[in-house]
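From the two separate chains plus the hints, produce the assembled complex.
Going down the list, the sequences are from chains X and Y.
In terms of my numbering, the first sequence opens at residue 1 and continues consecutively.
In terms of my numbering, the second sequence opens at residue 1001 and continues consecutively.
Please keep in mind that the hints were generated in silico from the structure rather than gathered at the bench.
Here a beta-carbon is modelled for each residue, glycine too, at the ideal position from N, C-alpha and C.
Please note: incorrect hints may appear among the correct ones.
[Claimed, not checked] Derived DEER-like restraints, expressed as beta-carbon distance ranges: (1) Q76/X <-> E1068/Y: 42 to 48 Å; (2) D39/X <-> K1017/Y: 36 to 42 Å; (3) T1102/Y <-> K81/X: 17 to 23 Å; (4) Q1080/Y <-> G15/X: 18 to 24 Å; (5) R1038/Y <-> K109/X: 24 to 30 Å; (6) K109/X <-> R1081/Y: 43 to 49 Å; (7) K1057/Y <-> L74/X: 25 to 31 Å; (8) Q76/X <-> Q1041/Y: 24 to 30 Å.
What follows is the residue order along each chain.
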Amino acid sequence: GQSLEQPSEVTAVEGAIVQINCTYQTSGFYGLSWYQQHDGGAPTFLSYNALDGLEETGRFSSFLSRSDSYGYLLLQELQMKDSASYFCAVRGAAGNKLTFGGGTRVLVKP
Amino acid sequence: GAGVSQSPSNKVTEKGKDVELRCDPISGHTALYWYRQRLGQGLEFLIYFQGNSAPDKSGLPSDRFSAERTGESVSTLTIQRTQQEDSAVYLCASTLPQSADTQYFGPGTRLTVL
Chain X
1 GQSLEQPSEV TAVEGAIVQI NCTYQTSGFY GLSWYQQHDG GAPTFLSYNA LDGLEETGRF
61 SSFLSRSDSY GYLLLQELQM KDSASYFCAV RGAAGNKLTF GGGTRVLVKP
Chain Y
1001 GAGVSQSPSN KVTEKGKDVE LRCDPISGHT ALYWYRQRLG QGLEFLIYFQ GNSAPDKSGL
1061 PSDRFSAERT GESVSTLTIQ RTQQEDSAVY LCASTLPQSA DTQYFGPGTR LTVL
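In isolation and in its complexed conformation, chain Y is listed as follows (with noise of 0.2 Å):
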């Protein structure tokens, strides 16, 4: 596709049901980042996938938060009993290979937990 996408663009659910993310890269980005993003704050690193090394988990903030790719395709995040605290948008990039520092955003997907 043109660019990276994410459904949905908008998600409200209520605390303690469990939500998924989709995220669609770039064609041929081999790198993909997922990040949140609380109001009027920095982007937050959460976990990268590069082709069919293992991921790279290190930014989850809680054993709820878990993330899938296959390949170099479509990833999802999924966020367990979801929690007021992680309402925010989930923003999901791509990259070519060593190109870390040049990072395609997609439009994010807003969650709020109610």
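For reference, chain X alone in the conformation it holds in the complex (with noise of 0.2 Å):
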């Protein structure tokens, strides 16, 4: 089967840098991704790492280790609006199907 764990909550100031970590078992590996998610709406895709390193996307970077089975989404100048809950989800030997975490949910303070 598949796992992912990644923490459940992380709160930080407007400006500040979040990390949210996130580990995976799995069987067979084909890549990660990270969703956003905002109390109420759809979760939205964010980014995706297939191979070792970062990935970067404006404000947010993703970065991935296959050797240690883990990842990170990094949240750069926080604003307000980043709040919200935040997926890794892995996709693996069940080839087309994705494997959701928990979810972190990111609380921005002013």
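Set out below in structure tokens:
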């Protein structure tokens, strides 16, 4: 089977940097994705890593280490609108299915 | 359409009743997924359709749950004899071929079973 672990909640102030870690267990590995979900809203795709290293998309970056079964999402220059839940998701041997982590709730304070 | 649409947005039903939830994917997206999200939790995979291939039903929690999709269009998720533990948000997502990691989600249907 597949499982992912990520912290349940993180609190930070505007302008700060937050790192959300995700460790996974999977048979086979195709990639690690990150999604953002505001309260009452739909998840939206943020980033994807299939190979080791850092992917940067504006204020958000995502990192993957396949040897450590580990990745993280880095949120820089935090803004109030970044308050949301963030989910990591892995695609493993099952092919075209994603298995999602439980989500990390990020609360940004002024 | 511009995005994935789902209906109804909210559904309140009595225990034991059947419900049908609808998903209209983005045009051209051959893959369609259904997920369940309980309050404060992650997304739980239910079922996956890819074109005209047999669906992957491995996530359906019981035989009370079923889903259909005709070709690459609308899908319906049916829950028979609803139970209180079925209360959740049901999310639908669609993707382009070979792009399973970039899923486009609909707004979801919030199901409340009394």
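Could you work out which earlier hints the structure fails to respect and list their numbers in ascending sequence?
Checked against the structure, the hints that fail are numbers 2, 4 and 7, while the rest are satisfied.
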